[in-house]
Amino acid sequence: MPEMWEREVTGVILVGGKSRRMGQDKAFLPVSGRPLFEGVLELFRAQFSRILLVGDREERFADYGLPILADQFPGSSLGGLYTGLSQAPSPYVFVASCDLAYPSAQVLKKICTLREGHDAVVPRTAHGFEPLFALYAKSCLNPIKEQLKRGEFCAYAYYPQLKIRYLAGEELSRLDPAGTAFVNLNTPEEYARIAK
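Taking full-length UniProt numbering as reference, the numbering of the sequence shown is continuous, increasing by one, and the terminal residue is 196.
Mixed in with the good hints there might be a few duds.
[Stated by the list, open to error] Derived PhoX-like pairs: lysine-lysine, alpha-carbon spacing no greater than 25 Å straight-line: (1) Lys-163 x Lys-109; (2) Lys-110 x Lys-149; (3) Lys-149 x Lys-163; (4) Lys-149 x Lys-138; (5) Lys-163 x Lys-110; (6) Lys-138 x Lys-109; (7) Lys-110 x Lys-138; (8) Lys-163 x Lys-145.
Honestly, the hints are just simulated from the structure, not real lab data.
Sequences and hints are given; from them, build the entire structure.
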């Protein structure tokens, strides 16, 4: 059953990647007996009553019975975030890429509970920001749009303009002790390690 934030948060899954480095559609690579995408979708269905898919891939995802939005700014995850955020009926979206191997319900829930008073809630690990498993408010739209119009596609370059709540350090490690919540697959070598 969706949690208390379900009326305020729409789940947005980015499905527009070209999988160039993988050489095949990574959204449908099997991990733990199911396609990567379906693992993310199962998590979202347990948390959100509204889910949007963003990407020019309608033919691949039509069978899931979810709204599929074409990118307003094609070619980047930031453009996908902008599209989902601009079209969502709720004041917030929780965005995830479709290629997460082990998306964490605990991390997702914690992020959603921290939303009040912030423009975004973003995990930050030793490797940097995790902008594609994070929550964003409608107040992010203008800074994102201005950046996209300049042809800048960095997924977090606009963060200094906003009030961001970071989930980091011990607070994050308690929720994700194995450090696997943000593992995504981009290359055959990464997939081979996970498949083992």
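Each hint, compared with the structure:
1. Lys-163 x Lys-109: holds (20 Å)
2. Lys-110 x Lys-149: Status violated; Cα separation ~32 Å.
3. Lys-149 x Lys-163: Cα-Cα ~22 Å, so holds.
4. Lys-149 x Lys-138: holds (18 Å)
5. Lys-163 x Lys-110: holds (17 Å)
6. Lys-138 x Lys-109: Given that 25 Å is the threshold and the Cα spacing comes to 19 Å, the pair holds.
7. Lys-110 x Lys-138: Cα-Cα ~19 Å, so holds.
8. Lys-163 x Lys-145: Holds: Lys-163 and Lys-145 sit about 17 Å apart, inside 25 Å.
The structure does not agree with numbered hint 2 stated previously, though it agrees with all others.
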